[in-house]
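Asks: Mind docking these for me? Both chains are given alone in their own frames, and the hints should help you get the complex.
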Amino acid sequence: MSDRMTVEVWLYGPISRYGKEIDEELVQDRRVERSYAELHLRLPEGSTVAHLLDLLRLPPEEKGITFINGKLAAMPGVDTDRDVELHDGDRLGISHRRSMWPFQYRFGASLDETLKDSFRQRKDRGIHHAYTKPDE
Amino acid sequence: MAEILRINMTDRTATYEEVPEKYQHLAGRGLTSTILYDEVDPTCHPLGPNNKLVFAPGLLTGSVAPTTARVSVGGKSPLTGTIKESNAGTGWGQQLARLGIKAIVVEGRPEEEGWWGLRVTKDGAEFFDADEYAGRSLYEMAPSVFERFGDRAGMMTIGVAGEKKMAMAGLCFNDRENRPSRYSGRGGLGAVAGSKGLKFIIVDDTDGPGVEMADKDLFDQGRKKMLNALRSHDITKPKGGLNTYGTAVLVNIINEAGAYPTRNFREGRFEEAAATSGEAIFEGNQERLGKELYNHACSPGCVIQCSNTWFDADGEEMVSCIEYESTWALGANCGIGDLDTIGKLIWQCNDLGIDTIEAGVVIGVAMDSGIAGFGDGEAAIKWLDEDIRQGTPLGHILGQGAEFTANAFGNERSPTVKGQGMPAYEPRAIKGIGMTYAISTMGADHTSGYTIAPEILAVGGDVDQFDVDKADLVRAFQQTTAFIDMSGHCLFIAFAILDIAEGFEGLVEECNGLLGTDWTGDDVTRIGQEILDKELAFNRTAGFTAADDRVPEFMRYEPLPPHDVTWDVPDETLDAVFKEA
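Chains as they are written, first to last, in our numbering: chain S, 14 to 149; chain B, 2 to 582.
Next up, chain B with everything else stripped away, as it sits in the complex (with noise of 0.2 Å):
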């Protein structure tokens, strides 16, 4: 039987509680939010004692099914002030979800200075003083972590950034390589960890007792068809365009487009984005390797494989992953073209633990504000390994976040909504993107809006992509985001299961044959929508209102090149997409 661990930093004690009823079916960010809407006070200080953090391993996390090593962690954010889920592919969810664990909450703070770390066993959960290892670089501790506790055992660190409670601080887990590179990365959870003194959750599943299973045909009947959808299409298939080229394939994509932010959203397209695309780093590795280098999985069981790592001009590893967002966040949004700069400003964040789009969306608005010129990339590795590193207090200006740097400099080009940096995709050239950035309960993030095939979304009537009113189909794609996020999947799945309705009919499949449940098409949006109306019943409370649910106001008057765009999406429409709901 699964359990919640509940663990109190004030006192360092750990219980085990039975799920309660109402949770059985909930995991992921399903669970996250719902403990969090259910036992948080939405107006705490995000890094006072009464905020909590809450891992939940996804639905389908632990079992066979493909890509799903995703595990979601949710808290009040100290970067929004709103509720947050961010997840991560990495073998520790898996872990966590194999010793029948639903769930771990974080609560209380300790009255003492100091350091802790939570092992967590088939024998249960036990805390160790983690000093030793505080104040470090990520790179350089994580092999004494594994020395210590084992090669097989997952790790959740946070980095110097978390523990000086900085806001773009994330949480860090480990690859399949044991490399500190998986992040939790957006909304500063890495902060919250560090209010808490909570340095390290390590998991080992050895013996534990594994995913329970209520009909294991109708799974395996399930994942088959996931796993054909998944091999078959062709952006997710072995050798196809995120195997080959990573998440980075988008780069030359949105550039010609005109929608590729560049020096902090001043224009839609950069000179030097072909040198820095997916492509780019194919071919360079190739170059330098002298051999063709196809992407890894960043967590076992992944078939998509869209994890990428880039090699130096020695042929050495520089750093493993430069995901399309990271290559644009400390790329063109900060006027820098070139590779082995980004790779060295990506390992940084990666060493401090920070989230690499906000970092990037930090310097742009730094550079846009005098502070360096736009391209100066040893100003930009000098704020991050001396500014942030030692904690100086143009460090801790940073640290907070884009629009906490914008207001600091009296910077009006905060490219923020809630206060979280807009990831690589500009909202006047691309206006979904725009609409789901405006009313995301998450502020701005490009992961809550994905599609499911167009026939589930038609409930009630025709998809229409040219519709005046496009309202419903974002409402759609929020939900259908929501349930992916808790089902445990990797989101990409999401770019098959569009075309390949059987797929689709996988991904249902697998979870009543996990659950015993007899969910169909219908129930997936349902269940979205009562994720998405806990999260903004938790926001509306936290203060936030429609007057939120919008992009920055230079956006309306400054036009975008190359086309000379401006946001024009009416406040009534954005209104709309939860005001039925």
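The shape of chain S in the complex, shown without the other chains (with noise of 0.2 Å):
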């Protein structure tokens, strides 16, 4: 298992279900419970988190704000993350769609720079609490 690397991911809310779901093999230490899972996961050399999202098998429409290492790396309507690639170590937090972070309550947090670089090119550079359309 020496091309593996160590990953921790947290799924909070429904999709917590999906803890449950992923490979035995791939699976270091895991504890799903109804509202939260936590799992330690060994995962390919060269991952991203569009790879670990088919592993769990996360439909992209449940998935909401996602962090990586503590930064803001995707939102509901702005999912930046899909080629990021995961590193030994790396903290995931995959919340579900229903999640929210309003602006004034992340302005001035840490941010990955892909979504860094998408909220830069927006209009409104990223200072709405929502980029979902309704009943999206």
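If you are wondering where the hints come from, they were derived from the structure by calculation, not from laboratory data.
Listed next, the in silico DSS-like pairs over lysine-lysine satisfying Cα-Cα at most 30 Å (straight line): (1) B/Lys225 - S/Lys136; (2) B/Lys345 - B/Lys240; (3) S/Lys136 - B/Lys238; (4) S/Lys84 - B/Lys240; (5) B/Lys535 - B/Lys432; (6) S/Lys129 - B/Lys238; (7) B/Lys240 - S/Lys33; (8) S/Lys33 - B/Lys292; (9) B/Lys432 - S/Lys136; (10) B/Lys580 - S/Lys136; (11) B/Lys432 - S/Lys146; (12) B/Lys240 - S/Lys146; (13) S/Lys84 - B/Lys432; (14) S/Lys146 - B/Lys238; (15) B/Lys238 - S/Lys84; (16) B/Lys432 - S/Lys129; (17) B/Lys238 - B/Lys432; (18) B/Lys123 - B/Lys23; (19) B/Lys225 - S/Lys146.
Sample of chain S residues with no beta-carbon within 12 Å of chain B, all distances over it, derived: (20) Ile35; (21) Glu37; (22) Leu39; (23) Val40; (24) His53; (25) Leu56; (26) Gly59; (27) Ala63; (28) Leu66; (29) Asp67; (30) Arg70; (31) Pro72; (32) Arg95; (33) Asp101; (34) Thr127.
Not everything, but these chain B residues come out facing chain S in the computed CB check (under 8 Å): (35) Gly241; (36) Tyr246; (37) Asn253; (38) Ala258; (39) Gly259; (40) Ala275.
Owing to the predicted nature of the structure, the values given are computational and were not obtained by experimental measurement.
Glycine included, each C-beta is placed from N, C-alpha and C at the ideal position.
Replies: Encoded structure:
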């Protein structure tokens, strides 16, 4: 397993159930509760966020606010994290689509560079609370 | 014609006054702060005879506009020494507005010992002897109050903490089920009521005149736009983020961000956070009740409905409500990771009449000072249920708030600004909220910096959150918030109207319809600034300077894990926020 790395993944809300479905062989350790799951996974080197979501069988429409190592990496409607490559020791926190982080409580927080670039290019500079259309 | 009700506690008289012309378009925080600015000497002692306590429903409170049951309460704060406005969502405010009362101004101080209540109806205001209610548990006392005054009455009261003039005592209002659970919690206004012998204000709007309306069509047009915005936005819609998980939906998010203050602001991430989150409350209730339970409205007419209830292992109600700030303050901040213990602590706070945020910050400081270990829930319950309830010397120290407690135990780690405990967002990890805490006229306050639509904020240029100089943005947030606090809307409408421009138009049209004004978006920031100007002037005369607009020093030299960041926003940036105002 020398070509593998360990990644810590937290799933919040109803998506915690996907913590049960991941291939046993990839699991170093896990705790799956109704409201959250804490997973320690052994993934192939070079895996991306998209690979991880496939392994979890987590549908994109259920995935909400996402953190990589404490930096905001994606929000509903701004999925800039899919191609981000994971590294040994990384921590991912993925919330259900229903989660929220209003702008005034994230103003000045750490952002992943890819998301930051995406926000910079928007006319609103990323100061909205939500980026999905109603009922999306 | 709306009136101002002036209550003199020295001789227990009540007089109705015409509303002066200059107050006609003011309400809520705009009116409480203006009356304090006009009538109260900022250098007075907050518990002395010269401080006043002002209650003012918002502009739209009492109308059918959605989510407008806020009542503002103002006074000079015994916790901060600044001007204070603390608002609550409760049918009490709606009833006051429908009685045609724009504000109640409570002044003076009785010379004799005793407790009094005031009952306000369409027939006038009368006092009653309230000695029999003093010293009691609020949960035990409340049913007897509604038995006496009727189930549809509204109740404002204080608990034993307010009676003992503790600086973390709040003012308690009833919720829709007549629980003593809705609070103007921050800043110790409960102690100001206590200093005046005021135990209750009971209101009953039966056959009251209702709220006057200048242009009903315009008002209706505005409220429909607001309603549509609230019902369609992801955060505020039915079964959306707030209705499902309550404000505690933020726990896992802020924890992942490394900004969830843990063990008295020693760390930014709590290992047990997920077990104390909004998701855990929702799933835990489902497990204990065998069904999904969405949240309820704290007050009549709210469509967001974010107020939760926590049930114990037997499926019996333990407490309502577990807010984000409460589960944080009495959870992570004290190293407590179990919802049942947190629920018991919140119940104690509601029962004693204290602010859950300040209580949690106090307990965190006390644990940090070595009086008990972090995570010792039994000690925390004892401090509330025995020390504060009985008024032991330790109880009186804790009851004076986090800064007083830190000083009493020689601990420099007091996470406060202007003497008020910081809420549940670490300024070192989220710099914007740190700026809000630092420059707020109210002391560390997470509700003083909300945004509206960026196109409105962008007066004179594009809004860029990545600008080096964020002072303009922070100032605009403060102005916006002051206006919403005046409107009577719950601040959470800001979530929807930041994203949905029609919602913002609706807010302005509701106000214009009610008052007959022709305000535009620009007036929102102008009026907000006028409110802030009075608050800033009050604080300056009270002795506050730029040196008070700072986060505590330890945050400059103690790196906060997991990001290992310190507070590094230059003082000049903070000073620039209101410099040009």
